[in-house]
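*Asks:* Line order of the protein sequences matches chains A and B.
Residues in the first sequence are numbered from 365 upward in steps of one, following my numbering.
Residues in the second sequence are numbered from 3 upward in steps of one, following my numbering.
By construction, these hints were calculated from the structure, which means they are not laboratory data.
Cβ atoms here follow ideal geometry from the backbone N, Cα and C, with glycine treated the same way.
Fair warning: there could be bad hints in the mix.
[Unchecked claim] Straight line, CA to CA, 16 Å or less: simulated EDC-like cross-link-like pairs of lysine to aspartate or glutamate:
| # | chain 1 | residue 1 | chain 2 | residue 2 |
| --- | --- | --- | --- | --- |
| 1 | B | 98 | A | 569 |
| 2 | B | 189 | B | 179 |
| 3 | B | 32 | A | 526 |
| 4 | A | 640 | B | 187 |
| 5 | A | 750 | B | 205 |
| 6 | A | 466 | B | 191 |
| 7 | A | 642 | B | 187 |
| 8 | B | 20 | A | 693 |
| 9 | A | 669 | B | 191 |
| 10 | B | 188 | B | 153 |
| 11 | A | 756 | A | 703 |
| 12 | B | 98 | A | 571 |
| 13 | A | 669 | B | 178 |
| 14 | A | 733 | A | 693 |
| 15 | A | 501 | A | 547 |
| 16 | A | 501 | A | 567 |
| 17 | A | 777 | A | 690 |
| 18 | A | 501 | B | 102 |
| 19 | B | 276 | A | 623 |
| 20 | B | 199 | A | 703 |
| 21 | B | 98 | B | 139 |
| 22 | B | 203 | A | 703 |
| 23 | B | 276 | A | 618 |
| 24 | A | 484 | A | 595 |
| 25 | A | 801 | A | 843 |
[To be verified] Stretch-level coverage of chain B by chain A, calculated; a stretch enters the list once three of its residues show a Cβ under 8 Å from a Cβ in chain A:
| # | segment |
| --- | --- |
| 26 | 43-55 |
| 27 | 258-269 |
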Amino acid sequence: MAKTQLNLAVHLVRLESQTDFAGWRDAARRLATNDIPPEDAAWQVEPDGETRGKDLPAAHADARLVVPRDFIERAETVICHCDPERFGFLYRLLWRLRSEPKLLSIATDPDIRKLEAMEKAVGRDIHKMRAFVRFRKIGEGAEERYVAWFEPEHFIVERNADFFVRRFTGMRWTILTPHASADWDGERLAIGPGAGKRDAPAEDDAEALWRTYFENIFNPARLKVKAMQKEMPKKYWRNLPEASLIPDLIAGADKAASDMIARMPTTPAPHHAKVKAKHWPVPQPANADETENADTIPELRAVAKGCHRCPLWRDATQTVFGEGPENAEVIFVGEQPGDQEDLAGKPFVGPAGKMFDSILDDAAIDRRKVYVTNAVKHFKFEPRGKRRIHSKPNAGEIQACRWWLDKELDLIKPNLVVALGATAAQSLLGKAVPITKMRGDVVERDDGLRVFLTIHPSFILRIREQEDKEAERGRFLSDMRKVRELMGA
Amino acid sequence: MAVLSVREKLAILSDAAKYDASCASSGSAKRDSLRSGGIGSTEGSGICHSYAPDGRCISLLKILLTNFCIYDCSYCINRSSSNVRRARFSVDEVVKLTMDFYRRNYIEGLFLSSGVIRSPDETMGEMVEVARRLRIEEKFGGYIHLKTIPEASAELIEMAGLYADRLSINVELPTDEGVKKLAPEKKPETIRLSMAKLRRKIEEKAEPTLRSRKRERFAPGGQSTQMIVGADKTSDDGILRASARLYGSYHLRRVYYSAFSPIPDSSSSLPLQKPPLMREHRLYQADWLMRFYGFSQPEILDGSNDGMLDLAVDPKLAWALRNRGRFPVDVNRAEREALLRVPGLGSRVIDRIIETRRHRRLRLEDVGRICHSVAKVRPFIIAEGWSPGALTDKAGLRQVITRSCEQLSLF
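Start from the sequences and build out the full structure, keeping to the hints where you can.
*Replies:* Next up, the structure:
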């Protein structure tokens with residue numbers, strides 16, 4: 365324990381103010397470099413006293429004093445604490461740091477617990493000051509000023525003043541506290557002496573509005589008085605214009621809530637029928653199966669928007685229907701939309717789509733002249749934090765969605781269909797096929813439609829090794845060249 | 003209709019806004035008024051300027067532009083069939099109220115929502131005009147949260163994102179069936195599309211432009227949403243499933259859960275009872291586990307019978323009690339991921355444990371010094387000189403913990 369009895373301490377440090385960090389730092393350097401232990405130093409604030417360091421030896425020029433940068437920053441916070449022992453406590457920490465350089469990392473050390481607790485108390489006080497200062501306006505026009513009275517627990521006015529400057533730059537304001545005051549005239553910040561509550565204005569017209577807001581934003585059915593007091597302790601209430609409403613709000617809450625519950629529902633408001641008739645006319649009964657009447661791709665796409673043929677619509681954003689000219693010679697069928705496609709509502713616009721586009725380009729196939737679609741038209745995924753992990757559609761989902769694919773094939777009547785990956789192949793051929801083994805094959809369906817089998821371009825994206833990736837891209841490119849030849853055939 | 007004073011309008015239009023739980027003023031870009039010479043700043047973490055006796059923080063001036071509404075959502079105080087008093091602010095009045103409150107340090111900014119009158123664009127247009135006036139004419143640098151009307155035009159949404167810190171669209175209920183039943187005029191598919199558009203816009207604008215290499219401003223505080231809890235029959239598992247989907251699909255900053263609260267002139271189709279506040283609290287805790295503790299959504303209620311969160315103990319403890327095979331975890335050796343699973347250890351405490359153990363081994367009392375309640379932690383960890391032995395698998399462990407560590411009471 366530091367000896368606070370002045371006559372027992374060998375060295376007395378006089379600081380200029382409660383928050384004289386420069387003074388503390390200078391003294392601490394002198395003491396430490398002269399190997400003066402914490403118990404031989406006493407600390408005192410003497411605003412009007414002699415210059416600091418009078419009784420202290422000069423710092424040893426060649427003695428190195430190295431402390432972590434972090435410590436300086438934290439000490440600067442803790443110096444604002446109202447505990448009179450803080451100067452000695454911080455010096456003790458500095459002293460220990462010389463032989464225990466990792467001390468700040470030992471969260472379980474009692475001194476570090478105390479440092480953290482003090483830091484937290486100051487931080488909280490700073491935060492609460494930012495929250496609970498209430499300005500009152502005086503004067504009008506050029507004379508307009510905002511003045512607040514606030515009672516912080518610690519010596520935080522100087523440390524907190526810049527916040528108010530950054531926030532209320534375009535306003536002239538003064539914050540008065542018992543220990544210090546801060547004043548901003550629109551250009552310059554001045555820290556002055558403490559003041560009294562009576563130095564601040566006693567009222568402000570806006571407070572009536574603020575109190576109205578406070579009363580009405582409160583929901584009496586959710587009374588949680590402890591939760592309120594935890595964050596807004598009673599010690600702050602006396603300077604908050606809204607706080608005097610609290611007791612009555614609490615007292616009346618139960619009754620207000622049970623009144624709401626007990627009150628019988630009333631008949632609809634008079635204007636309700638008019639609003640309904642104007643904005644929500646009863647919809648015409650829809651055709652039993654509109655899809656029967658859809659005989660163009662745009663019509664089909666419109667109907668597919670509401671598809672509930674399998675449960676995948678629940679988690680997806682929207683149906684991602686095929687895209688391309690209705691007289692396309694070739695249809696490319698992928699697996700299902702991915703994250704980007706689901707958001708955009710268009711097939712093949714994500715990373716795999718971009719890869720696909722660039723390879724089609726290399727193969728001299730004009731993407732604008734082909735039709736691209738997917739075997740399954742809703743995105744199936746598992747959420748993982750901010751990402752959606754693609755999951756493979758199952759046989760039931762493929763089967764349900766095949767209905768749409770068949771319609772697309774029917775309307776477009778392509779010369780060739782390209783199955784990109786196993787899911788597309790399964791949908792088009794009605795059974796699972798080994799895609800890697802049959803890659804490059806052309807299978808003719810019973811209805812005469814030729815189906816070219818290859819991998820899905822996302823497969824290329826998943827390859828890590830650059831060299832293998834290039835090789836795979838090359839193989840896919842030669843597949844696409846084959847497709848181009850087959851298109852004409 | 004009699005002419006209402008600003009004070010009367012404020013009473014009506016703040017009463018009408020209080021069922022929206024969102025109050026955050028955090029997570030936006032840092033900004034101050036030093037250069038503009040105006041008023042207002044945002045500095046990362048939000049500030050709660052007051053607390054109402056319902057324990058909710060008052061950070062923003064949360065009001066509706068008007069509570070006239072053409073929708074008839076049965077859970078909403080402002081539905082068109084309700085007999086609640088109606089009022090409408092002018093743009094001027096909202097701008098002045100916001101500035102008057104902000105200058106006196108009552109608020110961090112404005113959260114403006116509105117009933118839909120006439121057309122979505124007309125309503126959204128007025129809300130955007132409030133935000134524009136604040137930013138441009140008043141040089142206001144505080145926080146602005148605008149509720150977005152899903153059907154509003156792309157141009158209005160673009161302008162809203164330019165002036166606002168956060169945009170939000172409420173999904174209202176966890177399932178589409180719930181929306182259809184209780185908010186028959188709302189279209190869940192349109193709500194999803196709007197959220198998807200917002201995510202794309204936010205991502206597009208976050209990319210530096212080629213010419214100026216600067217990022218264009220667009221809702222730097224991201225988007226959020228709210229779900230009402232307890233107005234329909236969806237289980238907690240279903241609610242969390244909806245949240246996980248929303249976080250993953252639209253990169254929401256927050257999903258707010260609002261315990262369904264009885265409203266004046268309530269509809270007969272809804273449960274008339276006190277709001278399920280503890281359930282709401284547990285949902286927030288579970289949401290936290292998904293976002294910061296590495297839990298996947300299905301894990302949280304895995305092995306529970308009814309898909310409901312335990313009201314008596316927090317969801318992490320409930321999970322640990324069901325998965326005791328994964329404990330005890332050695333605080334001196336375990337990976338951060340494993341420590342995050344220990345009941346009673348928060349992520350900041352874990353940071354300290356990890357930093358400290360690089361220099362010395364931790365004993366149980368060391369852990370006790372830095373965590374909140376060692377009674378909750380003890381059965382699940384190994385420390386220097388401490389092993390829980392049979393305690394981890396003890397049959398009455400749940401009672402032992404709840405009795406000895408008196409769950410933080412919220413009421």
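*Asks:* For every hint, state whether the structure bears it out.
*Replies:* Right, here's what the structure says about each hint:
1. B/98 with A/569: 14 Å, holds
2. B/189 with B/179: 11 Å, holds
3. B/32 with A/526: Holds, at about 15 Å.
4. A/640 with B/187: Holds: residue 640 of chain A and residue 187 of chain B sit about 10 Å apart, inside 16 Å.
5. A/750 with B/205: 13 Å, holds
6. A/466 with B/191: 56 Å, violated
7. A/642 with B/187: Status holds; Cα separation ~13 Å.
8. B/20 with A/693: Violated. Residue 20 of chain B to residue 693 of chain A sits at ~58 Å, over the 16 Å cutoff.
9. A/669 with B/191: 9 Å, holds
10. B/188 with B/153: 10 Å, holds
11. A/756 with A/703: Holds: residue 756 of chain A and residue 703 of chain A sit about 14 Å apart, inside 16 Å.
12. B/98 with A/571: Roughly 14 Å between the alpha carbons, so the hint for residue 98 of chain B and residue 571 of chain A holds.
13. A/669 with B/178: 15 Å, holds
14. A/733 with A/693: 8 Å, holds
15. A/501 with A/547: 14 Å, holds
16. A/501 with A/567: Holds, at roughly 8 Å.
17. A/777 with A/690: 9 Å, holds
18. A/501 with B/102: Holds: residue 501 of chain A and residue 102 of chain B sit about 10 Å apart, inside 16 Å.
19. B/276 with A/623: 12 Å, holds
20. B/199 with A/703: Holds - the C-alpha atoms of residue 703 of chain A and residue 199 of chain B are around 13 Å apart, at most 16 Å.
21. B/98 with B/139: 12 Å, holds
22. B/203 with A/703: Answer holds: residue 203 of chain B to residue 703 of chain A is near 15 Å, not above 16 Å.
23. B/276 with A/618: The given pair, whose Cα atoms are some 10 Å apart, holds under the 16 Å limit.
24. A/484 with A/595: 14 Å, holds
25. A/801 with A/843: 14 Å, holds
26. 43-55: Check passed, 9 qualifying residues.
27. 258-269: As far as the segment 258-269 of chain B goes, the hint holds, because 8 residues have Cβ atoms under 8 Å from chain A.
Hint violations for this structure: numbers 6 and 8, all remaining hints satisfied.
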